[in-house]
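2 protein chains.
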Amino acid sequence: MDYILCDENAIYYECGYSSDNALFIRCGSEAFFITDGRYSIEAQESIRGAEVVTAADLVAAARLLLKKNKIKKIAFDPKEWNVMDFEKLSAKSSLYFREIPDFSKKKRIIKNDEELLIIAKAVKLGKKAFKSLAKEIRQNGFGKDEYALTYLAKSILSDFGRYDLSFDPIVAIDSDAAKPHALPTDKRLKNGDLLLVDAGLKYKRYCSDRTRTVFAGKDFNFNTKQQFRSKKIQKAYDTVLRAHDHAIAKARSGMKARQVDALTRDIIEKEGFGKFFVHSTGHGVGLDIHEMPVISSRSDTIIEDGMVYTIEPGIYIPGEFGIRIEDMVAMIDGKAMVL
Amino acid sequence: MDYILCDENAIYYECGYSSDNALFIRCGSEAFFITDGRYSIEAQESIRGAEVVTAADLVAAARLLLKKNKIKKIAFDPKEWNVMDFEKLSAKSSLYFREIPDFSKKKRIIKNDEELLIIAKAVKLGKKAFKSLAKEIRQNGFGKDEYALTYLAKSILSDFGRYDLSFDPIVAIDSDAAKPHALPTDKRLKNGDLLLVDAGLKYKRYCSDRTRTVFAGKDFNFNTKQQFRSKKIQKAYDTVLRAHDHAIAKARSGMKARQVDALTRDIIEKEGFGKFFVHSTGHGVGLDIHEMPVISSRSDTIIEDGMVYTIEPGIYIPGEFGIRIEDMVAMIDGKAMVL
Chain D
1 MDYILCDENA
11 IYYECGYSSD
21 NALFIRCGSE
31 AFFITDGRYS
41 IEAQESIRGA
51 EVVTAADLVA
61 AARLLLKKNK
71 IKKIAFDPKE
81 WNVMDFEKLS
91 AKSSLYFREI
101 PDFSKKKRII
111 KNDEELLIIA
121 KAVKLGKKAF
131 KSLAKEIRQN
141 GFGKDEYALT
151 YLAKSILSDF
161 GRYDLSFDPI
171 VAIDSDAAKP
181 HALPTDKRLK
191 NGDLLLVDAG
201 LKYKRYCSDR
211 TRTVFAGKDF
221 NFNTKQQFRS
231 KKIQKAYDTV
241 LRAHDHAIAK
251 ARSGMKARQV
261 DALTRDIIEK
271 EGFGKFFVHS
281 TGHGVGLDIH
291 EMPVISSRSD
301 TIIEDGMVYT
311 IEPGIYIPGE
321 FGIRIEDMVA
331 MIDGKAMVL
Chain L
1 MDYILCDENA
11 IYYECGYSSD
21 NALFIRCGSE
31 AFFITDGRYS
41 IEAQESIRGA
51 EVVTAADLVA
61 AARLLLKKNK
71 IKKIAFDPKE
81 WNVMDFEKLS
91 AKSSLYFREI
101 PDFSKKKRII
111 KNDEELLIIA
121 KAVKLGKKAF
131 KSLAKEIRQN
141 GFGKDEYALT
151 YLAKSILSDF
161 GRYDLSFDPI
171 VAIDSDAAKP
181 HALPTDKRLK
191 NGDLLLVDAG
201 LKYKRYCSDR
211 TRTVFAGKDF
221 NFNTKQQFRS
231 KKIQKAYDTV
241 LRAHDHAIAK
251 ARSGMKARQV
261 DALTRDIIEK
271 EGFGKFFVHS
281 TGHGVGLDIH
291 EMPVISSRSD
301 TIIEDGMVYT
311 IEPGIYIPGE
321 FGIRIEDMVA
331 MIDGKAMVL
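If you're matching them up, the sequences are chains D and L in order.
The opening residue of the first sequence carries number 1 in the numbering used here; numbering runs sequentially from there.
The opening residue of the second sequence carries number 1 in the numbering used here; numbering runs sequentially from there.
Read the hints as simulated data drawn from the structure, not as lab findings.
Just so we're clear, the structure is a prediction, and the values are computed from it rather than from any experiment.
Here a beta-carbon is modelled for each residue, glycine too, at the ideal position from N, C-alpha and C.
Take these hints with a grain of salt, some might be off.
[Claimed, not checked] Simulated crosslink set (BS3-like; lysine-lysine; CA at most 27 Å straight-line):
| hint | chain 1 | residue 1 | chain 2 | residue 2 |
| --- | --- | --- | --- | --- |
| 1 | D | LYS131 | L | LYS144 |
| 2 | D | LYS73 | L | LYS88 |
| 3 | D | LYS144 | L | LYS131 |
| 4 | D | LYS92 | L | LYS73 |
| 5 | L | LYS88 | D | LYS121 |
[Unchecked claim] Covered by chain L, per the in silico footprint, the following chain D stretches (three or more residues, Cβ under 8 Å):
| hint | region |
| --- | --- |
| 6 | 159 to 173 |
| 7 | 179 to 190 |
All chains should be built: construct the whole structure from the sequences, respecting the hints.
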């Protein structure tokens, strides 16, 4: 099927290059990468398998190309396009624009070996960065507030500017960790606090994603073996860890995504924390930090070999604390391999 | 006129709070802020003058509110909405959705005194950060590559995580500065290089934006008085600086934006650099880094008191060097005041 893309990562996936102002059309055996003058030289040097078209008005250029190539029907993702650009593209056109939500993400749901290797490397770099971050916090982090700790996480995850980040890291202390998408505050880290860190980096444009929740004693680390002073916290922590480990051990290709979700949710519900697990078990990861499959209680997606996603159960007690443990897995030979 | 917004900054402007998942409806004297459970407590604490509505499906909740309030006609910005959400909002509805591109940006084009004070503070912090950055580069920056220097700029502009950045800083050496939107490379800074830095930070969500191009000798600073070894560079630099100063001195409320653009462009063209000034003279700045007015050769917008925009002429000689000097101005009592 012929299609037109405007999302930067969707385009990168097609031709190994992209820019923040580009369109991509595939029609039959031909492909066109449309961008403006700022990027045309780089594009010509980098792209194989697509003709580079330089234009000031990308949408107008796309219309012309669709017409010249006598396209009758073309797929697009209605989540990618804004109303104005799409109206400009489609106004008074005799083309049939077929809406396919998540068109590119659906194509990208199974990772090939090259992608798996790149993602594995991103995860490895992320893991190493967590280790460095723990060391830095042990030495200089106590007394610092969440802003400063977040900055520290950004610095170390990016290897001081070498890598892009998958997203702004979350660094949350005690009750701040009860908000799954906590923004930093001026709360300062004290010896013995609960500390949640959720962070990832990009390697060759592919994302990593990891969360650890720890008892921040003087000699803490980001391993999953953690000892808290509070019995309530320990119970929640052990439950989350058990749910996390269980899902990784039992996830199989051929299951529905909601069955994988149930692997964590059932354990958390049985321990009475069900209503405090307020999000899905996980999400696909690739060029975008949120890809398919969605590992939620409502998803009928069949899990297949080559899929990469997070397992990240959590328990959030408002005003008290939050626990989340997250790793990325790849489905290999029918099982979930921790990356 | 009643309207519905989905852009985060557009919503913040209406009610002093926003989140990355929110809709805002104003109908007559009533207003509604729709968000999901993660943000509803914060929203209720922060918002005055709008009712907070919590919903899992924001668009469905908006449809219901529009119906309940018997709205007949509502304005929206077709650049804000993606095709899918807008279709969901408007499908089988008897409402008339009036498209107004840049609806919120048009409302925000004139800044009030409170906004002007906040922006002035953002600019002041940015200026101070440039000074600290110069000091840091003088002491430790020579020999570092553009990645490391960009990281340094991020660190210092954000005051080590205290402030958000207006955008990823641009730090470009010599011929890399010839790309107006240069991405960092592994080119290292040597004594005597040309160095371009374009960076800004956010204070209370409002952006600053500044560019300096300097001769990076051992004791350089980011003042506009610069002495280059190359006569060609010096001529280009002096031309850009003259264009910059001239526009600031001569811009008046009541002019058209394209007349302000001509104040820089005419000087650059007269010196024979016209075809190397490849962008507009400037852009409005506020909650977004790119707001209205657009100071371009095609803009008929009338400049008015209270507008805030950049003056940033440039000359870019491909493969050789690039010069840009940028300051923000506010129109006060008919004239452009440098912030």
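- Identify every previously stated hint that the structure contradicts and give their numbers, smallest first. 5
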